[in-house]
Amino acid sequence: MNKRFIVKPELCTGCRSCELACSFTHAIDGVRSLTRINPIDGGFKDLWVPVTCLQCDDAACIKSCLVNALKRNPVTGAVELNHEVCVNCMACVAACPFGCAILDTQTNLIVKCDLCGGDPACAHFCPTKALVWELIKKAVKKTG
Amino acid sequence: MIHITINGKVVQAKDGEMLLTVIRREQIDIPTLCHHEAVEPSGACRLCMVEITKPSWDGWCDYVTSCLYPAEDGLIVNTHAPKVNELRSSILDMFLARHPKSPEIRQLAAEYGVMKTQFEEVVDGDNCILCGICTRICDTMGFKAISMVGRGHGKEVAPPLNMAPAACVGCLSCAKNCPTNYIEYNMKNGGLTIWKKDFEMIACTECGATTITKEFAEYLSVNRDIPFDYFEKCDACHRKELAGTMGRIANWDREARS
Numbered sequence: 001m002n003k004r005f006i007v008k009p010e011l012c013t014g015c016r017s018c019e020l021a022c023s024f025t026h027a028i029d030g031v032r033s034l035t036r037i038n039p040i041d042g043g044f045k046d047l048w049v050p051v052t053c054l055q056c057d058d059a060a061c062i063k064s065c066l067v068n069a070l071k072r073n074p075v076t077g078a079v080e081l082n083h084e085v086c087v088n089c090m091a092c093v094a095a096c097p098f099g100c101a102i103l104d105t106q107t108n109l110i111v112k113c114d115l116c117g118g119d120p121a122c123a124h125f126c127p128t129k130a131l132v133w134e135l136i137k138k139a140v141k142k143t144g
Numbered sequence: 001m002i003h004i005t006i007n008g009k010v011v012q013a014k015d016g017e018m019l020l021t022v023i024r025r026e027q028i029d030i031p032t033l034c035h036h037e038a039v040e041p042s043g044a045c046r047l048c049m050v051e052i053t054k055p056s057w058d059g060w061c062d063y064v065t066s067c068l069y070p071a072e073d074g075l076i077v078n079t080h081a082p083k084v085n086e087l088r089s090s091i092l093d094m095f096l097a098r099h100p101k102s103p104e105i106r107q108l109a110a111e112y113g114v115m116k117t118q119f120e121e122v123v124d125g126d127n128c129i130l131c132g133i134c135t136r137i138c139d140t141m142g143f144k145a146i147s148m149v150g151r152g153h154g155k156e157v158a159p160p161l162n163m164a165p166a167a168c169v170g171c172l173s174c175a176k177n178c179p180t181n182y183i184e185y186n187m188k189n190g191g192l193t194i195w196k197k198d199f200e201m202i203a204c205t206e207c208g209a210t211t212i213t214k215e216f217a218e219y220l221s222v223n224r225d226i227p228f229d230y231f232e233k234c235d236a237c238h239r240k241e242l243a244g245t246m247g248r249i250a251n252w253d254r255e256a257r258s
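Quick note, the sequences are listed as chains X and C, same order. Residue 1 is where the first sequence starts when you use the numbering used here, and the numbers rise one by one after that. Residue 1 is where the second sequence starts when you use the numbering used here, and the numbers rise one by one after that.
Please note that the accuracy of each hint is not assured.
[What the hints assert, rightly or not] So the derived label-pair ranges between C-beta atoms look like this:
| no. | chain 1 | residue 1 | chain 2 | residue 2 | range |
| --- | --- | --- | --- | --- | --- |
| 1 | X | 2 | C | 113 | 35 to 41 Å |
| 2 | X | 134 | C | 113 | 54 to 60 Å |
| 3 | C | 198 | X | 132 | 47 to 53 Å |
| 4 | C | 252 | X | 4 | 19 to 25 Å |
| 5 | C | 74 | X | 71 | 51 to 57 Å |
[Said to hold, decoys possible] Distance condition first, Cα-Cα at most 25 Å in a straight line; then the derived BS3-like pairs of lysine-lysine:
| no. | chain 1 | residue 1 | chain 2 | residue 2 |
| --- | --- | --- | --- | --- |
| 6 | C | 155 | C | 101 |
| 7 | C | 176 | X | 63 |
| 8 | C | 155 | X | 63 |
| 9 | C | 83 | C | 54 |
Simulated from the structure, these hints should not be mistaken for lab results. Even glycine gets a Cβ: it sits at the ideal position worked out from N, Cα and C.
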């Protein structure tokens, strides 16, 4: 897929629309799930950073999973967690250096961003376009 | 691709795929206690029984555990035939006689109309149904710390020689996936005790929250090539750290623009 998810902290107002969109999009049987994206205070005035999975190339979560529940989706490039296979050993929660695999204490499932299978809901709901899901522009060779 | 009929609906399946996988994919609810997608099926609980038949069988049918029966072309499956429900309730009846105190078994039995067992209840029994989900998960994860010990009435899940298992790292996968929540563990004061073995939990260097045991982190860093300092902070503090780093970069950018 020639699309990418872009986070622009300078545009984020910390309104948490993305959290709501994420929670409701990943709801199971009408029960809201834990959000996979968290706007966190960046440490400066009026600066919020929406923290979500960076979908690392050499992902520690995939390496840490002993039952191969975490796999990269070849279409979206996102690391997806198969809840059917997951045995809740918490290895990925501990191994992720960015803390983006989180245990949902309500449902006792580990949650992580899967880019909503190729159409992130948070990007749709972000009012200031701090979260963008956009086409990658092809590099054009300058001529002349 | 082959075609099988489940409850009157023709569905596609891969050749050799287990029937239970196909049935679950069709969102049909079948009770199971010993099934987990991460491990090989074992057919221990017998609750996933289904009725199968084929046009060439002249009206005969068979009752098989769907978790262990590979899909074949032209198979006709009935997941909730009267005879199947009867089989399931008699299996649950026996489970209820063996484990009368288990809330999970009682609830499942009540769903199939078995409120009280017709057999004699085992008085001093435990809640282990010997499904082997814990041992299979432990084997799949590569620790092989616990196994089935003994046979007949004396069969139980235990570490070798009933001593603290050297191979156990305290990942708690056995306890968390036990269908009857039988496996006990104790987590307090930054420590964990399971299978009579004591573990030390890694406390977050910033907030003190604990996620996994030190042994499990050491296993992952040695065998899975993950730097050990990844395990030193909890997930919430890692997120804060990432926000701080990104915030500093965004702030430089903002100052450069103004």
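Evaluated hints:
1. X:2 to C:113: 35 to 41 Å: violated, 56 Å
2. X:134 to C:113: 54 to 60 Å: Since the Cβ atoms of residue 134 of chain X and residue 113 of chain C sit about 56 Å apart, the hinted range of 54 to 60 Å holds.
3. C:198 to X:132: 47 to 53 Å: holds, 50 Å
4. C:252 to X:4: 19 to 25 Å: holds, 23 Å
5. C:74 to X:71: 51 to 57 Å: violated, 32 Å
6. C:155 to C:101: holds, 19 Å
7. C:176 to X:63: Holds, at about 21 Å.
8. C:155 to X:63: Outside the cut-off at roughly 36 Å; violated.
9. C:83 to C:54: With a Cα-Cα distance of about 17 Å, the restraint between residue 83 of chain C and residue 54 of chain C holds, given a limit of 25 Å.
In the structure shown, a violation is registered for the earlier hints numbered 1, 5 and 8, in ascending order.
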